[in-house]
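Single-letter residue listing:
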Amino acid sequence: MQTLIQQVLNALQLGSVYALIALGYTMVYGIIRLINFAHGDIFMVSTYVAFFIGTALMSHALRLPGIVAFGLTMAAAMMVTALLAVLIERFAYKPLRQAPRVSAVITALGVGLFLENFTLATIGPDPRFLPRFFSVQTFTVGGVAFSNIQIIIIAVSAAVMLLLDTIVRRTMVGMAMRAVSWDKSTAPLMGVPVDSIISITFAIGASIAAVGGTLFGMVYTVDPYMGIRIGWWAFISAVVGGIGNIRGAMVGGYILGFVEIFTPVILPASTYRDFVAFSMLLLLLIFRPYGILGRPVAQKV
Amino acid sequence: MPILRIRGLTHYFGGLRAVHDFHLDLEPGELVGIIGPNGAGKTTVFNLITGVYRPTEGEIFFNGHNLVGKRPDQIVSLGIARTFQTIRLFKELTVLDNVRIAHFARTRYGVMSAMFRLPQYVREEAEIRERALELLDLMGLLEQANWVASSLPYGLQRRLEIARALATEPRLLLLDEPAAGMNPGEIADLMELIQWIRRRFDLTILLIEHQMRVVMGICERIKVLDFGETIAEGTPAEIQSNPRVIEAYLGEEAIA
Amino acid sequence: MKRPSFSFLTPVLTPVRVAYASLPFSVRRWTMPILLVLFFVVALLSPSFINLYWQQVLIYVGINIILTASLNLVNGYMGEFSVGHAGFMAVGAYVASILTVWVFPRWGLEAYIAYLFPIALLVGGLAAGLTGLVIAFPSFRTRGDYLAIVTLAWNMIVKSVLENIDAIGGPRGFMGMQKLTSVAWVYVWVVFTIYLLRNLVYSNFGRGTLSIREDEIASSLVSVDTRKVKITVFVVAAFFAGIAGGLFAHIIQFINPRSFSILKSTDVLVMVYLGGISSLGGSILGATVYTVLLELLRPLQVWRWVVGPLLLVLLMIFRPRGIMGMQEWPFLIPREERAERVAALMERIRGRREAFAATAPVGGSSD
Numbered sequence: 001m002q003t004l005i006q007q008v009l010n011a012l013q014l015g016s017v018y019a020l021i022a023l024g025y026t027m028v029y030g031i032i033r034l035i036n037f038a039h040g041d042i043f044m045v046s047t048y049v050a051f052f053i054g055t056a057l058m059s060h061a062l063r064l065p066g067i068v069a070f071g072l073t074m075a076a077a078m079m080v081t082a083l084l085a086v087l088i089e090r091f092a093y094k095p096l097r098q099a100p101r102v103s104a105v106i107t108a109l110g111v112g113l114f115l116e117n118f119t120l121a122t123i124g125p126d127p128r129f130l131p132r133f134f135s136v137q138t139f140t141v142g143g144v145a146f147s148n149i150q151i152i153i154i155a156v157s158a159a160v161m162l163l164l165d166t167i168v169r170r171t172m173v174g175m176a177m178r179a180v181s182w183d184k185s186t187a188p189l190m191g192v193p194v195d196s197i198i199s200i201t202f203a204i205g206a207s208i209a210a211v212g213g214t215l216f217g218m219v220y221t222v223d224p225y226m227g228i229r230i231g232w233w234a235f236i237s238a239v240v241g242g243i244g245n246i247r248g249a250m251v252g253g254y255i256l257g258f259v260e261i262f263t264p265v266i267l268p269a270s271t272y273r274d275f276v277a278f279s280m281l282l283l284l285l286i287f288r289p290y291g292i293l294g295r296p297v298a299q300k301v
Numbered sequence: 001m002p003i004l005r006i007r008g009l010t011h012y013f014g015g016l017r018a019v020h021d022f023h024l025d026l027e028p029g030e031l032v033g034i035i036g037p038n039g040a041g042k043t044t045v046f047n048l049i050t051g052v053y054r055p056t057e058g059e060i061f062f063n064g065h066n067l068v069g070k071r072p073d074q075i076v077s078l079g080i081a082r083t084f085q086t087i088r089l090f091k092e093l094t095v096l097d098n099v100r101i102a103h104f105a106r107t108r109y110g111v112m113s114a115m116f117r118l119p120q121y122v123r124e125e126a127e128i129r130e131r132a133l134e135l136l137d138l139m140g141l142l143e144q145a146n147w148v149a150s151s152l153p154y155g156l157q158r159r160l161e162i163a164r165a166l167a168t169e170p171r172l173l174l175l176d177e178p179a180a181g182m183n184p185g186e187i188a189d190l191m192e193l194i195q196w197i198r199r200r201f202d203l204t205i206l207l208i209e210h211q212m213r214v215v216m217g218i219c220e221r222i223k224v225l226d227f228g229e230t231i232a233e234g235t236p237a238e239i240q241s242n243p244r245v246i247e248a249y250l251g252e253e254a255i256a
Numbered sequence: 001m002k003r004p005s006f007s008f009l010t011p012v013l014t015p016v017r018v019a020y021a022s023l024p025f026s027v028r029r030w031t032m033p034i035l036l037v038l039f040f041v042v043a044l045l046s047p048s049f050i051n052l053y054w055q056q057v058l059i060y061v062g063i064n065i066i067l068t069a070s071l072n073l074v075n076g077y078m079g080e081f082s083v084g085h086a087g088f089m090a091v092g093a094y095v096a097s098i099l100t101v102w103v104f105p106r107w108g109l110e111a112y113i114a115y116l117f118p119i120a121l122l123v124g125g126l127a128a129g130l131t132g133l134v135i136a137f138p139s140f141r142t143r144g145d146y147l148a149i150v151t152l153a154w155n156m157i158v159k160s161v162l163e164n165i166d167a168i169g170g171p172r173g174f175m176g177m178q179k180l181t182s183v184a185w186v187y188v189w190v191v192f193t194i195y196l197l198r199n200l201v202y203s204n205f206g207r208g209t210l211s212i213r214e215d216e217i218a219s220s221l222v223s224v225d226t227r228k229v230k231i232t233v234f235v236v237a238a239f240f241a242g243i244a245g246g247l248f249a250h251i252i253q254f255i256n257p258r259s260f261s262i263l264k265s266t267d268v269l270v271m272v273y274l275g276g277i278s279s280l281g282g283s284i285l286g287a288t289v290y291t292v293l294l295e296l297l298r299p300l301q302v303w304r305w306v307v308g309p310l311l312l313v314l315l316m317i318f319r320p321r322g323i324m325g326m327q328e329w330p331f332l333i334p335r336e337e338r339a340e341r342v343a344a345l346m347e348r349i350r351g352r353r354e355a356f357a358a359t360a361p362v363g364g365s366s367d
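Chains as they are written, first to last, in the numbering used here: chain W, 1 to 301; chain A, 1 to 256; chain Y, 1 to 367.
Calculated from the structure, these hints are not laboratory results.
Just to be clear, a hint being listed does not mean it is correct.
Among the chain W residues that face chain Y by a calculated CB cut under 10 Å, a handful are [claimed, not checked]:
(1) Leu34
(2) Val111
(3) Ile151
(4) Val239
(5) Phe258
(6) Tyr272
In silico DSSO-like links for lysine-lysine, alpha-carbon gap of 30 Å or less [stated by the list, open to error]:
(7) A:Lys91 x W:Lys184
(8) Y:Lys264 x Y:Lys179
(9) A:Lys91 x Y:Lys228
(10) A:Lys91 x W:Lys94
(11) W:Lys94 x Y:Lys264
No residue lacks a Cβ here, since even glycine has one placed at the ideal position from N, Cα and C.
Given the sequences, and given the hints that come with them, work out the whole structure.
Structure follows, in structure tokens:
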């Protein structure tokens with residue numbers, strides 16, 4: 001029983017990160033119907049930004065308290081990553097907005113690989129560790145051990161998701177996003193600045209990924225190819241939840257977190273987890289391509 | 001014995017009722033028109049006949065074959081061809097290829113035969129090439145055979161779409177607003193063309209049209225739809241004097 | 001069809017072309033076979049005058065041509081977006097390798113292994129072709145982005161399955177293959193592939209494939225059995241990817257699941273879109289240029305892996321159809337499809353026109 005609760009906590013921790021990244025996939029898809037295959041790598045870049053800035057801030061010369069350094073690191077990672085995403089959108093995707101959708105998807109794939117290989121060439125393949133912002137404290141309640149880091153990850157993620165949900169549902173920006181998502185040609189007639197809204201969407205998606213990146217870096221190592229695996233899992237989360245659907249992405253993230261943690265428990269070899277996740281994706285796409293929370297789209301003839 | 005027999009055809013899109021209790025009997029060789037305001041369900045009827053949508057209720061029989069549940073390509077092979085409200089040619093392919101594609105269902109050679117250029121492939125391909133060019137010649141499109149379809153002037157694109165439909169060797173031709181976007185001169189040509197292909201290919205034709213001039217000029221019978229319901233049916237003269245039609249349709253739109 | 005122009009060569013080429021065209025057809029028809037045989041002899045003798053490194057480059061060029069041309073069938077001609085081509089390559093590579101390393105020797109056929117190599121490749125190709133159905137069936141219901149994800153999931157699943165089968169080495173990989181792939185063999189398979197694909201493209205199935213790209217619903221409404229076409233296309237494309245995989249395994253002599261990751265699939269994508277969609281000539285060009293380019297960039301080390309993705313992005317923005325998109329080299333068009341033959345047929349039909357009772361009314365105002 002204790003191990004079960006322990007595993008649930010692990011799954012929530014991992015699922016939080018997947019959900020945060022899945023949100024970026026789903027928001028971009030929702031607004032311009034593009035599968036932004038580069039998003040996993042944008043996440044990867046964000047962890048590197050967090051690594052460099054965090055390391056600088058935690059150097060002994062500054063003597064900043066951990067919580068401040070953590071906050072500054074995350075804020076910086078969010079800003080840099082948002083800027084990167086906006087630039088990518090501006091220079092790689094925007095010229096293709098009128099082109100066949102496949103062109104944009106291929107471009108996204110190319111941008112992702114570019115980011116990976118560029119990082120590999122400039123920074124190198126060695127895994128890195130983020131500095132310790134907090135000393136790890138382990139609590140034991142009723143035989144279940146959990147750490148303060150775990151709590152921070154789960155809580156911060158939940159807070160960010162709640163904030164995003166509020167932005168999309170209750171603010172003008174969110175309303176504009178939904179307007180652009182519905183109809184890109186009519187939205188400008190109602191005074192919605194489509195280009196800015198698309199940029200904002202990319203920026204928000206990327207900064208949420210940067211939150212995920214900073215949190216992820218506190219537990220796991222950072223390397224140029226991490227974006228592939230984590231990115232794909234997050235992407236599957238988005239599809240499972242119904243791509244384009246924000247709450248779906250959150251639910252999907254947690255589902256995938258549970259799949260990853262519990263697959264080795266059920267199947268002996270831990271290497272089966274990719275197989276399980278991708279088979280799930282395949283079956284879902286065949287039988288319910290609009291995801292768990294999505295709705296089918298009627299085809300106009 | 002009607003060639004097409006539709007009974008109680010009903011279709012819903014989600015909660016929206018697009019077509020309700022539609023009946024139709026088409027005798028061989030007839031030219032029948034369907035008219036009605038936008039959104040009346042006319043194109044939906046075509047989509048139901050050709051298998052693009054599966055009807056919620058009702059039955060469609062063509063020459064004794066039940067069409068409900070069949071795939072579009074199977075229905076086309078049985079002898080029903082159609083054109084589209086907005087032209088749907090294979091834009092980047094040549095005029096000749098547009099027509100040759102329509103020979104798909106009648107081609108017998110298999111993949112292996114094609115890949116290894118077996119005699120059956122060579123013979124059938126030569127036949128298709130010749131038949132397609134002959135059809136283009138008949139339709140006055142031979143000189144444009146090597147053009148890319150999208151480079152044809154609008155009127156010829158409409159004509160190519162009809163040629164492509166004819167290449168499937170239909171018994172029944174469904175024309176979805178063939179005169180849309182045409183000027184009066186082109187419309188006159190089109191009416192002549194429709195009459196001509198009907199005789200030449202021995203066709204039964206079902207026509208959706210907004211241009212009253214076309215419908216009243218060439219159709220023998222007309223059905224009027226409004227909000228998915230059939231509100232009137234009869235000869236052009238009867239329809240023109242039917243008060244419900246005038247209220248629902250003719251009242252709103254100028255008679256061309 | 002527009003021919004690629006090399007204007008500076010025109011003074012030399014034009015007289016040659018004119019002189020060639022004046023030869024009787026009975027002579028001209030032998031040009032292609034003679035050239036093919038000649039190149040085969042050159043390929044056969046190549047080990048005696050090309051060093052090992054460039055032989056290997058030539059072999060990779062050939063393998064990449066097969067991969068690119070077959071993927072072009074799906075991504076170019078049919079307009080679908082498959083990102084899982086390496087998955088099929090993996091199936092072919094493993095099956096062919098298992099045959100040459102385990103099965104044939106166990107049957108006491110080790111001495112004949114060089115002769116059995118084509119059989120191993122064919123079986124690998126067939127196995128890959130069969131798995132092509134995994135993508136073909138979902139493609140009935142989903143297309144576009146979603147089908148791209150299906151192919152991607154397929155690629156990942158293949159890799160994951162291979163990593164989990166310990167008998168064939170799991171993540172450590174599979175080895176023991178002899179170096180059976182030679183320049184001559186690759187040449188033969190490339191010619192074979194291009195010939196078969198060309199015939200397919202200029203058939204009912206090829207036209208059906210193109211019509212699915214243009215407008216799938218209109219296509220089914222002019223009698224194209226889109227399911228049959230999709231099955232054909234995915235199975236054929238997977239078959240040739242499997243052949244390429246077998247050839248690849250027997251030159252590199254060591255394969256592991258990572259050799260067939262999504263990165264490999266992306267490389268093939270770059271070659272397809274570089275050379276040009278819906279063009280076999282483009283695939284030959286794209287595979288050759290890209291493979292040689294990467295070799296020439298070897299001094300750049302890691303940085304050369306930045307080139308491919310960057311190229312892909314720039315291509316999509318500035319030339320999304322590639323160098324030869326939708327165009328074909330004249331010699332790759334079947335003779336009876338070439339402009340002069342079609343024109344002759346048109347002339348005959350014009351001559352017969354009088355025989356018809358009537359021709360459709362062609363209004364003067366329909367311009």
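Do the hints match the structure? See the list:
| no. | hint | result |
| --- | --- | --- |
| 1 | Leu34 | 8 Å, holds |
| 2 | Val111 | 6 Å, holds |
| 3 | Ile151 | 33 Å, violated |
| 4 | Val239 | 7 Å, holds |
| 5 | Phe258 | 19 Å, violated |
| 6 | Tyr272 | 6 Å, holds |
| 7 | A:Lys91 x W:Lys184 | 25 Å, holds |
| 8 | Y:Lys264 x Y:Lys179 | 21 Å, holds |
| 9 | A:Lys91 x Y:Lys228 | 23 Å, holds |
| 10 | A:Lys91 x W:Lys94 | 25 Å, holds |
| 11 | W:Lys94 x Y:Lys264 | 27 Å, holds |
Of the hints listed earlier, those the structure fails to meet are numbers 3, 5, in rising order.
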